[in-house]
Amino acid sequence: MPRLKTRVNNVSNLFLPLSVLVILIIINLIKGADYFKITMVNGAFYGNIPNILFGASELVILSIGMTFVTAASRGQDISIGESGAISSAIFVQYVLSSGNVTLWTILVGFVISCLAGIVIGAFNGTLVSFFNVQPMVATLILFLGGRSIAFIIDGKVSPILANEISNRIGTVIPGVPIHTPIILTVVFIAIVAVILKTTNLRLYVEAVGVNPSAARLNGINPKKVIFLTFVLMGVFSAVAGFIAVNKAGRHDSVNLLKFIMMDAILAVALGGNSLSGGKFSITGSIIGAYTIEVLNRTLLRLEVNPEAIKLFKAVFIIVLMIIASPVVRVYAKKALDKAKGIFSNYSAGQTGGLSNGAVSAADTTGKRGE
Amino acid sequence: MQSEMFLKMEGICKSFPGVRALHNVDFTLRKGEIHALMGENGAGKSTLIKIITGVYQKDAGQIYLEGRPVNPKSPQDAQGMGIGTVFQEIALCPNLTVAENIFIGRSRDRFVHWKQMNAKAAEMLDSLGIPASPTQELASCSIAVQQMIAIARAVDMDCKILILDEPTSSLDEDEVQKLFALMRQLKARGVGIIFITHFLDQVYEISDRITVLRNGELIGEYETSELPQIELISKMMGKALSDVSAIKKHEPQKSADSVPVFEAAGLSSAAGVRPFDFTIHKGEVNGFAGLLGSGRSESVRAIFAADKVTGGEVKVNGRNVKIKSPLDAMKQGIGYLPEDRKGDGIIEELSVRDNIILALQVMKGFFRPLSRKQAEEFADEFIEKLDIKTPSTSTPIKSLSGGNQQKVVLARWLLTQPMYLILDEPTRGIDVGTKVEIQKLVLKLAEAGMSLTFISSEIDEMLRVCSRMIVMKDREIVGELSGMHLTEQDVMHMIAQGGH
Amino acid sequence: MKRLPKIGLLLAVILVLSCGSAIVAAQELIKVGIVNLPPEESGYRQANVEDMNEVFSRENGYDGKQTNTADNSEQIAAARGYIRDGVDFLLISAANASGWDDVLQSAKRAGVRVILFDRAIDTDPSNYEAALLSDMHYEGQLATDWVLNNVPEPINVILIRGQLGSAAEIGRSAPLLKAAEEGKLNIVADGTGGDTWSLEEARKVVEAAIAAGKDFNVIYAQNDGMAQGAVQALEAAGISHGKDGKVKIIGFDFNRFALRNVQAGYWDADVQCNPRQAGQIDQWIKSGNIPQGIVYQEELILDTDTITDEHIEKFGINADPGKGVITR
Numbered sequence: 001m002p003r004l005k006t007r008v009n010n011v012s013n014l015f016l017p018l019s020v021l022v023i024l025i026i027i028n029l030i031k032g033a034d035y036f037k038i039t040m041v042n043g044a045f046y047g048n049i050p051n052i053l054f055g056a057s058e059l060v061i062l063s064i065g066m067t068f069v070t071a072a073s074r075g076q077d078i079s080i081g082e083s084g085a086i087s088s089a090i091f092v093q094y095v096l097s098s099g100n101v102t103l104w105t106i107l108v109g110f111v112i113s114c115l116a117g118i119v120i121g122a123f124n125g126t127l128v129s130f131f132n133v134q135p136m137v138a139t140l141i142l143f144l145g146g147r148s149i150a151f152i153i154d155g156k157v158s159p160i161l162a163n164e165i166s167n168r169i170g171t172v173i174p175g176v177p178i179h180t181p182i183i184l185t186v187v188f189i190a191i192v193a194v195i196l197k198t199t200n201l202r203l204y205v206e207a208v209g210v211n212p213s214a215a216r217l218n219g220i221n222p223k224k225v226i227f228l229t230f231v232l233m234g235v236f237s238a239v240a241g242f243i244a245v246n247k248a249g250r251h252d253s254v255n256l257l258k259f260i261m262m263d264a265i266l267a268v269a270l271g272g273n274s275l276s277g278g279k280f281s282i283t284g285s286i287i288g289a290y291t292i293e294v295l296n297r298t299l300l301r302l303e304v305n306p307e308a309i310k311l312f313k314a315v316f317i318i319v320l321m322i323i324a325s326p327v328v329r330v331y332a333k334k335a336l337d338k339a340k341g342i343f344s345n346y347s348a349g350q351t352g353g354l355s356n357g358a359v360s361a362a363d364t365t366g367k368r369g370e
Numbered sequence: 001m002q003s004e005m006f007l008k009m010e011g012i013c014k015s016f017p018g019v020r021a022l023h024n025v026d027f028t029l030r031k032g033e034i035h036a037l038m039g040e041n042g043a044g045k046s047t048l049i050k051i052i053t054g055v056y057q058k059d060a061g062q063i064y065l066e067g068r069p070v071n072p073k074s075p076q077d078a079q080g081m082g083i084g085t086v087f088q089e090i091a092l093c094p095n096l097t098v099a100e101n102i103f104i105g106r107s108r109d110r111f112v113h114w115k116q117m118n119a120k121a122a123e124m125l126d127s128l129g130i131p132a133s134p135t136q137e138l139a140s141c142s143i144a145v146q147q148m149i150a151i152a153r154a155v156d157m158d159c160k161i162l163i164l165d166e167p168t169s170s171l172d173e174d175e176v177q178k179l180f181a182l183m184r185q186l187k188a189r190g191v192g193i194i195f196i197t198h199f200l201d202q203v204y205e206i207s208d209r210i211t212v213l214r215n216g217e218l219i220g221e222y223e224t225s226e227l228p229q230i231e232l233i234s235k236m237m238g239k240a241l242s243d244v245s246a247i248k249k250h251e252p253q254k255s256a257d258s259v260p261v262f263e264a265a266g267l268s269s270a271a272g273v274r275p276f277d278f279t280i281h282k283g284e285v286n287g288f289a290g291l292l293g294s295g296r297s298e299s300v301r302a303i304f305a306a307d308k309v310t311g312g313e314v315k316v317n318g319r320n321v322k323i324k325s326p327l328d329a330m331k332q333g334i335g336y337l338p339e340d341r342k343g344d345g346i347i348e349e350l351s352v353r354d355n356i357i358l359a360l361q362v363m364k365g366f367f368r369p370l371s372r373k374q375a376e377e378f379a380d381e382f383i384e385k386l387d388i389k390t391p392s393t394s395t396p397i398k399s400l401s402g403g404n405q406q407k408v409v410l411a412r413w414l415l416t417q418p419m420y421l422i423l424d425e426p427t428r429g430i431d432v433g434t435k436v437e438i439q440k441l442v443l444k445l446a447e448a449g450m451s452l453t454f455i456s457s458e459i460d461e462m463l464r465v466c467s468r469m470i471v472m473k474d475r476e477i478v479g480e481l482s483g484m485h486l487t488e489q490d491v492m493h494m495i496a497q498g499g500h
Numbered sequence: 001m002k003r004l005p006k007i008g009l010l011l012a013v014i015l016v017l018s019c020g021s022a023i024v025a026a027q028e029l030i031k032v033g034i035v036n037l038p039p040e041e042s043g044y045r046q047a048n049v050e051d052m053n054e055v056f057s058r059e060n061g062y063d064g065k066q067t068n069t070a071d072n073s074e075q076i077a078a079a080r081g082y083i084r085d086g087v088d089f090l091l092i093s094a095a096n097a098s099g100w101d102d103v104l105q106s107a108k109r110a111g112v113r114v115i116l117f118d119r120a121i122d123t124d125p126s127n128y129e130a131a132l133l134s135d136m137h138y139e140g141q142l143a144t145d146w147v148l149n150n151v152p153e154p155i156n157v158i159l160i161r162g163q164l165g166s167a168a169e170i171g172r173s174a175p176l177l178k179a180a181e182e183g184k185l186n187i188v189a190d191g192t193g194g195d196t197w198s199l200e201e202a203r204k205v206v207e208a209a210i211a212a213g214k215d216f217n218v219i220y221a222q223n224d225g226m227a228q229g230a231v232q233a234l235e236a237a238g239i240s241h242g243k244d245g246k247v248k249i250i251g252f253d254f255n256r257f258a259l260r261n262v263q264a265g266y267w268d269a270d271v272q273c274n275p276r277q278a279g280q281i282d283q284w285i286k287s288g289n290i291p292q293g294i295v296y297q298e299e300l301i302l303d304t305d306t307i308t309d310e311h312i313e314k315f316g317i318n319a320d321p322g323k324g325v326i327t328r
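Protein chains in written order, with this note's numbering: chain Y, 1 to 370; chain U, 1 to 500; chain P, 1 to 328.
It is worth saying that the hints were derived from the structure and are not from the lab. The C-beta atom is built at its ideal place from N, Cα and C for all residues, glycine as well. You may find that some hints are simply not true.
Stretch-level coverage of chain Y by chain U, calculated; a stretch enters the list once three of its residues show a Cβ under 8 Å from a Cβ in chain U [said to hold, decoys possible]:
hint : segment
1    : 198 to 208
2    : 219 to 227
Okay, derived cross-link-like pairs now, DSSO-like style, lysine-lysine, Cα gap no bigger than 27 Å in a straight line [stated by the list, open to error]:
hint : chain 1 : residue 1 : chain 2 : residue 2
3    : P       : Lys65     : Y       : Lys156
4    : Y       : Lys334    : U       : Lys389
5    : P       : Lys214    : P       : Lys184
6    : P       : Lys214    : Y       : Lys310
7    : Y       : Lys334    : U       : Lys73
8    : U       : Lys342    : U       : Lys178
9    : U       : Lys282    : U       : Lys364
Model the full structure from these sequences, guided by the hints.
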C-alpha cells in the first residue's frame, strides 16, 4: 500500500511536464487530426511520432547527463556540444584511418570516442570538484575552445563518413522497422535505468546535491560524486556525438550539436528538476527533451514566420516554465483542494458549512464556561 | 482589564489535510509580560505562532489585538500590526553589516543614508546592551549576538508583540543571560513576549505565565509561580513523571584488563583541537563536558575524521587502524550524530526512508544498493522502534518536526549497528518527551553492549546518562570525572578550575 | 702570404654580393598583411585562409602575414600592427562591418593600400581601394534561374534560409522571393536552419512540410548542410529526388561532398560561393591595376549535366568523399 502511494506521488510530480507535452500535442491535433498517423516507408515506420523520437535522440541522451550534473554540482555543463564534437571527430578519424569499415571498426571507434568523452568529462570534473570552479565557468573553457580542437582533429576539413554501416546507424537497418537512432536511445535509456537500479548513483547524487556536508559525514565523498557526474556527462556527450555524426554522414566540427546545451538545460528544467541541484527525475528530463522537440516541430507546423520563430519559442518556453513552476503547482493544488472542498460541502447539504461554524463557536463558549 | 490584554485569541482552529493541528485554542498575552508557550513537538505551538504572524490563515476563531479584531494575512501584514518574530534559525544576511541587517529592506527611502543608519544602529545596540558594532559584519558576531540583532531588528519595527521561537537553543549559559537581560528590558518597555523553548529552567527563570498545548488542544494557562516544574512536564506529556525519574544509568561492566573498544592517542585535527588521548570501553557511556566552544564537538569530530585529522594514533579493539575519512570511521563501526542537525545531519529533500538507510547504504558500497523492499522494511522497522511520527516512509524529512528528524538520524546510525556511537547534542531543540526517550535509548544501547559518547549543553542530562565525563576547556581536556554520583557542581567546579 | 689579401678580397666580394642579393630580395618581396576570420569558422573560411596563405607566399614574391580571429577589436588591433610594420597592402575580411573608419584612415595616411575581400565594411568607399566580394544576390539569381528553367510547372518550393539577416541569407533569398511575387513559382514552406545553418533544423522544416501534406518539387536550401538535412527528410519519407526524382535539390557553397552528390544525380544543382579571392587580388597587385570600389567575383552554378571532376577538384571546398560516393 505505501508503495502504491509513492508511485502515485511520482506520477503527480510528472503531472505538469506531461501536461505541457499534452497541451502541445493538442495544438498539433487541432492543426491536423492525423498527427499520430504512422505509415510504413521502405520498411520503416514513418510519421510525426517516429520523426520526433528520431530528432530528439541526442537531446534526450544529453538531458539525462545534464540532469546528473545539475543534481550533483548545482550547476550546468555548457560544453556538451563541443565535447560531443571532439569525441565524434576522434571516432570519424579512427573510422577513416582504418580503411575497410566493418561493424568492428565502428564499435572500436565508438569505444575510443567514449574514452575521449571520459577524458573531457574528467577535465571538466577536475576543475569543478577539485578546484571548486563554478560548473558554468569551468565548462566555458571547452565551450570556447572545443570546436577548434575538433577542427584540428578533423584535419581542418569536414570529413565524410560515407560508409554503409554509418548510414545504417544514422537511418535504418534493412529489415528493422524502427530508425536506428531511436533504438540506440531506447537502449541508452535502458542502460541508465539499469545503472540507477544496480548502483547507488541516485542516492549519492541527490545526497550530495541537497547537502554535501551531511553527505560527507555519511561517508560519501562529494568531490568524487561530482567528478563522476561530469565523467558520465562526457561519455553521454560522446554517445550523442556518435549518433549525431552518423546521422549527418560527415563531421562538421563547426555546427555539430551546436548550442544543444541550451535545450538540454531547458529539458532538465521542464522536467521539473531544480537547476540548483538535489532531487532529480530522469523521467522528467526525458519528457522535457521530447517536449522541446515537439515544441520546435509545433512552431514549424504552425508555419510561424521564420523571423518570429525565436520569439515564439521564447514565449512558449516562458509560458511552459510558468505552468511547470512550483508556485503554480502549489496554487493549482490549492485550487484543486478548494474545488474539492466546495464539492464535498455542496454534497453534504448547503447548510453543512454554516452549521460547522456554529458548532465551533458553541465549542468556544463552552470551553470558556469551564 | 480588557485593554491590558494585548493579544487575545479565541477558539482558534486549524486543520491540514489529514491533520487537526489546532482545535479550539485560546491564548492571551498581556502588555509587558513574558509568556511561555509550552508543548511537545506536534502540540501545535508552531501552528499557533504561524497563525499569529500571518503565515497560516485560521480556519475558525477570532484574534483581537488591543481589543480590535484582526486577521493577519501575511507576515508583512502581521509586522505592520506590530507583531515581530525571531525564529530558531536566524534569518539574517551573514555577509552584511550589523546595521544593514537591522535596517535593510525597511527603509522607505530609495537611498540609504549610511552614516545616519550606522548612528541609529549604534544607539539602538547601546540601548539594548548588545555587544556589537554597527559596521561589523554579521558573520563575525557570535550566534547569541546574531540572535540579539535579530531581536533588535524585530523591535525596531515598533513591535508590540515579540515572538521568540527557541532563541536559546544554540546559546551557552552566559549568552542566555544576556538574552534574558534584553528580554527583561523589552518587557519593561511594555512589549509582550511569547517565548518558546524546550529548556524548562529558562521558563521558570524568565516567564510570567505559561500556556500548555498538547495534540493541538489547550491544556491550560497558568501563572508560572503556581505551577511546579514536575507538573508542567506531566501536563506537556500527558502522563505522570515516574518515567522520567526512572532513568538510571548503570555501571559499565568493565574489567581492568579489558581492551578498549576505541582508543586514541595524541589525536588532533585541522579544526584546532589540541592533541588529546581518549578511550572508551564496551558498554560505556561517556561524555565531553564543557562550554560551547570548549572543543567538545571538535574532539568527537576528530574521532570520526569529520575534520581533517592532523595527527595521532587510533586503535579499534586493540588493533592499530587508520581513520582518514568518515567512511573509514564507519567501516570501523563508528557512528556520529552531528551537532548541527540541519546542516550536517539530515538530507532535507530526501525521504525519511533514504535518510534512514543512507549510512548503511554507503557502507555497503556504491554497487550494492538495498532493494526497495529491504529499504522499506528497514525504514518501517525503525519508524516503529523509535516511534518516529511521519505520514509515510516517502515523506521528505524536512516536513518532520525537529525531534522526529533527530530520531531519523539516530535510526540511520542504529541501522549500521555501530560498536561505538557518538551523539553530539542529540537532544538540542527537541521536546521533553523525545529527550527522555533518547536518554532511555542511550542507556538501553549501552546495556546491550554499545559504547556511546553523549554530548549535551545541559549538564544534568549528561549526568543522567554518562558514567564518565571528560571535561574540556579552551580546546583542551582539563580533567575527567567518573562515578555514579557525580553532581553538576563537580563538573562546574572542574570547568571553573581548569582541572588543576 | 701573398694569397691572403686575395682570399680577403674574395671574402669581401662574397660578403658584398650576398648582402646585396639579400637587399635585392627584400626589395622584391611585397609586404602584405591579411586580417581574416579563423579557419574553424567554416569550410568556406578554411579554403579561404589556405588560399591566402598559398598565394601570398615567398615563392610568389610576397612577404605575407595573416591574422585569424573572429573578434572585431582583435582584428582592428592586428590591422594597426600591420600598418606600423609598414606593409604595402592590407587585406581585410572583417568580423564586423562597422568600427573600421579610424584604422582605414590611418592606413591611408601611412600609404598602405587596403583591399577588402569576402566581406564588405560600412565605410566611405574612399577609405579603401577595392573590395572583392561574393555577390550573394547573384548566387541567388543563378539558383532561381536554374529552377525556373529546369523544373516543370507548377513549381512549388520549400525555402530553407540560413541565419536570418545575414548577407548570404538576404542575398540568396531575394531573387527567389521576387520570382514568387511575380507568380513564376510558389513557396509552399518558408523555414530556416537557424543561426547555425543547421542540418537538423532543415530536416525538421521539410518533415513539417511533409506532415502538413504540402506538395513540393523543389528544395532551395541556402547551404549544402541544410540541403543534406532536407534530403534526409525526403529519404525517410520515401520521396524521390535528384536527377530522376520528383523533388529537385539545390544547395550552395560548392562543398565537394555536395558536388559529388550532384554528380551522382542524388542532388540536382549547387551554386558556388567562391572562397578563393587571393588569385584575383594577386593579379591586381602584380599588374598594378587595382580597380576602385566593389568588384564581384565570378561564380558558377553546376548541375548534373554540367559538372565534371575537374570542377570538383578545382572549385570545391572541404573533404572529397571520392567519385561516385554519395553523402546521405
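For each hint, the structure was consulted:
1. 198 to 208: holds (count 8)
2. 219 to 227: Our answer is that it holds, as 3 residues pass the Cβ test (under 8 Å) against chain U, meeting three.
3. P/Lys65 - Y/Lys156: 20 Å, holds
4. Y/Lys334 - U/Lys389: 25 Å, holds
5. P/Lys214 - P/Lys184: Holds: P/Lys214 and P/Lys184 sit about 18 Å apart, inside 27 Å.
6. P/Lys214 - Y/Lys310: Distance of about 23 Å is within 27 Å: holds.
7. Y/Lys334 - U/Lys73: Holds, because 16 Å separates the two Cα atoms, which is no more than 27 Å.
8. U/Lys342 - U/Lys178: 26 Å, holds
9. U/Lys282 - U/Lys364: 24 Å, holds
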